[in-house]
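Participant: Hints are included, so try docking the two chains, each in its own frame, into the full complex.
Order-wise, the sequence lines are chains V and X.
Quick note on the working numbering: the first sequence kicks off at 19 and runs consecutively.
Quick note on the working numbering: the second sequence kicks off at 3 and runs consecutively.
No lab work stands behind these hints: they were computed from the structure.
Any given hint might turn out to be false.
[What the hints assert, rightly or not] Simulated DEER-style distance windows between Cβ atoms:
hint : chain 1 : residue 1 : chain 2 : residue 2 : range
1    : V       : W210      : X       : A60       : 53 to 59 Å
2    : V       : L39       : X       : P157      : 51 to 57 Å
3    : V       : N303      : X       : L193      : 27 to 33 Å
[Unchecked claim] Every beta carbon over 10 Å from chain V, so not counted as near; a handful from chain X, in silico:
hint : residue
4    : I55
5    : V64
6    : I87
7    : P103
8    : P126
9    : G159
10   : A188
11   : L193
12   : A215
13   : I221
14   : Q245
15   : E254
Just so it is clear, CB atoms sit at the ideal spot from N, CA and C, and this is done for glycine as well.
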Amino acid sequence: MNAAAGNLRTKRPRGLWTGRLFYGFLVLSLLIGFLTLGALLAQVFLEGYKWVDLVLFLEAPSADPRIAGAEPAILATIYIGILLLAFTVPLGVGTAIYLEEYANRDRWYNRMLEVNIQNLAAVPSIVYGILGLAFLVRGLGLGRVLLAGAMILTLLVLPTVIIAAREAIRAVPDSIRQAAYALGATKWQVVWRQVLPGALPGIATGSILALSRGLGETAPLLLVGALTYVSFNPTLLGDFTALPVQIYQWIARPQEEFRTLAASAIIVLLAILLTLNAFAIWLRNRYERRW
Amino acid sequence: MATPPAAAQQPLRLRATRRRWGEDVVKVVLALCAFVSVATTVGIVVALFQPAIEFFRAISIVDFLTGTDWSPLFVPASFGVLPLIAGTLLVTGCAILVCVPFGLGAAIYLSEYAQPRTRKTLKPLLEILAGVPTVVYGYFALTFVTPRLQDLGLPVGVFSALSAGLVMGVMLLPTVASISEDSMSAVPQDLRDGAYALGSTRLNVSTLIVVPAAISGIIASFVLAISRAVGETMIVLIAAGGQPNFTWNPQEAVQTMTAFIAATGQGDVPTGTIEYKTIFAVGATLFVMTFVMNLFAIRLVRRFREVYE
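Next comes chain X alone, as it looks inside the complex (with noise of 0.2 Å):
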């Protein structure tokens, strides 16, 4: 019997001998691209809060957020956010009203009515809904929605919250539609064929075994939707007016939180005065409103994931 060579008594090396230091700046490199988000992220807080804070040792922060009369241009100027924040409220509401109920509709009949054909070919349609650029929307909503509205008898002027927010809510349909049915479609198929057998109809199915099973991933989607709502600007810039207005009549012009921000951006206010500083501290605001809603609906969305994957 020979004995095995002195080598293959050792176990086996699977490192490798030496270093590959091409290997190591790849990831290097690689990390630093992913660096570049979290630089996203700390360059905006950095760039909203930094002039924000400034603006609050000038303006008392109570006196902003609860301030009636918005009129930081005028003499002596007046800093109350609110009238700012009710035209985004009053926007989003109308955008709500059509595309919480026709998105949910819309999704309902992707996931439980429509043949797999007929889906196939309906949602790119919808998904072209949500590729038109929101400018495109301002000019439709101006053009084309206010004049219908006039037509209808309701007493709306050039510029409404009204119309700026129905063409803002078939935006977000696809937004709702889409993640509201891939929950849906998570739902478990024992879950149907177990209603059915016990004889319930496609309505019954759908508004009591599905809808409540996907109910985590519904409402982010309509978190998700009321988020974009409220940070959406070239739709209300163009259609729903530019002046400040405390109201909660949607037939009226108002100007929202981001209308205000694009509105005084865009000219050359100068750098460092109280006018210049406004914008952050609207930004800012807006900001933690749709970061606050962005993480609850993220949250959510994991949620159902977990569930049903």
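If we strip away everything but chain V, and leave its shape as in the complex, we get (with noise of 0.2 Å):
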């Protein structure tokens, strides 16, 4: 008995070095994300810097590296951002309305459209591009204009507004309901005065989510058309270019000042999304309720 106790005191743990090994690579896998990201950083910030000026805010794009910039493009992404928000947030937020307030789950239909949704969310964004050239472009004869590039990124963003609206609509308690509808309350004012102010932070924080990924979307737009020169400024039947579209025709040309310029471009391009995403970040950490 005894015996057996001092020995299970004094015998090493097998597999210590294993384990410790093991612990390594957990760690340089964590490691790797952060250093690309640095990497990555650092990369485009050592090389752009120096062309985020007023130039690149205030001049179109043109065959002289020295005085182009993009300020056709960074206003078209301003212009698709806003048409983006009222195009996507009333569709996903009726969307998730009806499916989690309205639909009845037992009807073959709507199991459907869940299932739906959730493939639209992983469709790639290149077939999106396809939709808009067929249809809005050549199809129904829209051409090359800003109003298709926006409602194009509308669609692909829309799955992902949804699905965030449902959850954040599915954490408001029920009991929150029953005590409305217990008042006299109809089914839309209880929805419209209790569960929607409830799910807003969710709602919001999805949303700006969602814009900020469709704000960086390039592959759709070029099927639509945004690769052209554009020296003017965006109208929303005009011809068009959104700010990564401009970084891609940037790299793509072969000297070597227009790869610096299309990293002033990034500089701007993740200075809006990051921004973003750290405001919808500190949204839901503001407003998260519980509940």
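Facilitator: Below, the structure is given as structure tokens:
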């Protein structure tokens, strides 16, 4: 008995070194992500910071990299952002309310709708570009205009907004709905005055994250024709080029100066997107409610 | 004793006495919002498959799927999609080499080793990687990763599947990490406690208890990551090259399906020509591949949720 206990204590734990090795691998896994992020940011800033100046914000693209700017692209990205919010938030929240509050889960078409939305969230973005090319640009004859780009990005980020809004609505406890019904509220009064205000922080966070994702998309915009030389400020129904597309255009040029220009435009794009993301996370932490 | 009034004898009616049309209108409007998603799916299917079917009337589907020469813009044109599929799989393979082991490693660390506070700060930081636009990753692959690979003595050119794939792997790392971590966190604590009580180390518990119990979610995260790698466009368009190349050597330049679609679709290809329809034929192939993987992943994610919730 004593011998066995002593034996247990003195015996070196087996697999000590495998455990340490494994722990090292886990830390390395995380480090790979963070080191890449660090290298990426360093590369972009060291290359591009010199050219983040008024020329970049106030000039049109040009064949001469020293006087080329991205004003039309930056403005178009801002316009697209506004349109994107105006389209996706009502559509996404409306769909989420329908699925969470109105739809009968036992009906096959409502279950199909749910699977359909999950599927849409994972369709490659270039496929949305093909949809835009076939229906909006050529089919409807809308042409390669800013509105078509905004509409295609709307469809692209809509599933993200729906999924976020559904989670926010589901988190509102049922007791609040029951209490409102007991006081004589109609279904819509319950949704509009009780459920939606309770779900607002979650919906706002999801919408901003979706906006940030949409503004960084390039591939679908290439197909709806944002890859044009645009030297004037964008209009709703005119030719346009967005900031990510402008960056791609500059990267694709062989001259080294355009790479630098691309890096400085990336700084602007990352600043916009990371600010949006940080704002969304702040919003979530600040207004997150525990019921 | 007063007799109760006649009205109370009847059961209380809880129905509204008049129909509220406003409520009905609201329901219809909301259903219409939901219909937009259905219309999108129908639109995608019609937009892809109608021209694709016309394309397959002109070019035999067997030649398309088994041909090893893709040169739709040359005369005589050749429409064998295998070089594009090989390019896609090559880049995806490189991405898997990064995102599967290290994504899983990050997930195990976050779920089993990290303190709650560490996890709370590390997770959003990792999510930043997923928030960087793909065009920026393309720039990074071209201007940073490729020169470093050349410094290491690898014979890679300006464009290579390896460089694009490695960067894509890092981009997908948070996808694998976060879905895997979710499914590992759903494993009941009892299982871990039981294993510790039998003398297991943390390594044993992680690899022999938690990972097998969460395996369906972990596989789902792999499948979703692969599906996203297959559908990713900008990194390969910028860093992998623009020439179809039927090769399994990751150091060479390749063109993927997505890169072909983007390169051809951005130009002024006239509507109705066979070149225009190639976009849709390749797009349909891409859509079917990702669709099957996504459905599979969605099923798997559901299954692990059903077990532990």
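Participant: Take the hints in turn and mark each one as holding or not.
Facilitator: Right, here's what the structure says about each hint:
1. Checked against the hint of 53 to 59 Å, the C-beta distance between W210 (chain V) and A60 (chain X) comes to roughly 54 Å, which is consistent with it.
2. In this structure the hint that L39 (chain V) and P157 (chain X) lie 51 to 57 Å apart at CB is violated, the actual value being about 32 Å.
3. Separation of N303 (chain V) from L193 (chain X) is about 32 Å and conforms to the stated range, judged on CB atoms against 27 to 33 Å.
4. Non-interface call for I55 (chain X) relative to chain V: holds, since the shortest CB-CB distance, roughly 13 Å, exceeds 10 Å.
5. Residue-level check passed: V64 (chain X) sits 24 Å from the nearest beta carbon of chain V, beyond 10 Å.
6. Every beta carbon of chain V lies more than 10 Å from that of I87 (chain X), the smallest distance being close to 15 Å; the non-interface claim holds.
7. A Cβ of chain V approaches the Cβ of P103 (chain X) within 10 Å, the least distance being about 7 Å, so the stated non-interface status is violated.
8. Not every Cβ of chain V is farther than 10 Å from the Cβ of P126 (chain X); the closest lies at roughly 6 Å, contradicting the non-interface assignment.
9. The beta carbon of G159 (chain X) is kept farther than 10 Å from every beta carbon of chain V, the shortest such distance being approximately 14 Å.
10. With 10 Å as the threshold on Cβ separation, the claim that A188 (chain X) sits away from chain V holds: the shortest Cβ distance comes to roughly 16 Å.
11. For L193 (chain X), the requirement that its beta carbon stay farther than 10 Å from each beta carbon of chain V is met, with the minimum near 19 Å.
12. Chain V leaves A215 (chain X) outside its interface by the beta-carbon criterion, the shortest separation being 18 Å against a cut-off of 10 Å.
13. Separation of I221 (chain X) from chain V is adequate, the least Cβ-Cβ distance of about 15 Å exceeding the 10 Å criterion.
14. Listed as outside the interface, Q245 (chain X) is consistent with that label: its C-beta sits roughly 15 Å from the nearest C-beta of chain V, beyond the 10 Å cut-off.
15. Distance check for E254 (chain X) against chain V: the nearest CB is about 20 Å away, which clears 10 Å, and the non-interface claim stands.
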